[in-house]
Amino acid sequence: LAKTTQPISMDSYEGQEVNITCSHNNIATNDYITWYQQFPSQGPRFIIQGYKTKVTNEVASLFIPADRKSSTLSLPRVSLSDTAVYYCLVGFPISSGSARQLTFGSGTQLTVLP
Amino acid sequence: GAGVSQSPSNKVTEKGKDVELRCDPISGHTALYWYRQSLGQGLEFLIYFQGNSAPDKSGLPSDRFSAERTGGSVSTLTIQRTQQEDSAVYLCASSLTGGRLSEQFFGPGTRLTVL
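Protein chains in written order, with the working numbering: chain P, 1 to 114; chain F, 1 to 115.
Some clues are possibly wrong.
Among the chain F residues that face chain P by a calculated CB cut under 8 angstroms, a handful are [to be verified]:
(1) 43
(2) 61
(3) 65
(4) 88
(5) 91
(6) 103
(7) 104
(8) 107
(9) 109
As a list, the in silico DSBU-like pairs of lysine-lysine whose alpha-carbon atoms are at most 30 angstroms apart [said to hold, decoys possible]:
(10) F/57 / P/69
(11) P/52 / P/3
(12) P/3 / F/57
(13) P/69 / P/52
(14) F/57 / F/11
(15) P/69 / P/3
To be clear, the hints were calculated from the coordinates, so they are not data collected in a lab. Heads up, the beta-carbon is just placed ideally off N, CA and C, and yes, glycines get one too.
The shape of chain P in the complex, shown without the other chains (with noise of 0.2 angstroms):
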């Protein structure tokens, strides 16, 4: 199972580019890296997902080294609404055959101050 690691809690300041890193040494070949942001009482949101380099949309981009044992997630310029709680998951479900965990990481708690 694809383990992940991530720094327990952020602090930044509005403005800033915040870089968190996700740590998973036993990513499979077949593996996908998503990130999900968590604000309190509600369900994750998608933000981001690739497989290898780098991966941009509006919100945030993803760098992924050639080894992908780990990844990174950049949000630019944040804002007091960014503070969430954001998650990297590796892995994806496979419906026959030999079952895969969804291992979401214990997740970042990403403070943004004024």
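Mind docking chain F on chain P? Use the hints.
What follows is chain F alone, placed relative to chain P:
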């Protein structure tokens, strides 16, 4: 509705009682997932349904937990003989497919409190 819905939003029960939690996925989504989130903790995968295939039950913590998905749509998670350690938020998610690129859409969760 436009999103994943779950009911009830809150459930308080006594130790030893059975509970049923319901999830209505997004229409057309073939994959459905159940997770558990204890206070201040990350998400713990419980079970996964994909179309008509046998569910992946590899995350269920004990045989007191079971889940069904009727007609490929609504799902019910049942916890028998509830224990205090079952207290948590139970989250349901659905995705268009179960493949590696499938984005999961989460419901608001059901907060279960076992007294």
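Results for each hint:
no.	hint	verdict
1	43	holds (4 angstroms)
2	61	violated (12 angstroms)
3	65	violated (15 angstroms)
4	88	violated (13 angstroms)
5	91	holds (5 angstroms)
6	103	holds (5 angstroms)
7	104	holds (7 angstroms)
8	107	holds (6 angstroms)
9	109	holds (6 angstroms)
10	F/57 / P/69	holds (27 angstroms)
11	P/52 / P/3	holds (18 angstroms)
12	P/3 / F/57	holds (19 angstroms)
13	P/69 / P/52	holds (10 angstroms)
14	F/57 / F/11	holds (23 angstroms)
15	P/69 / P/3	holds (10 angstroms)
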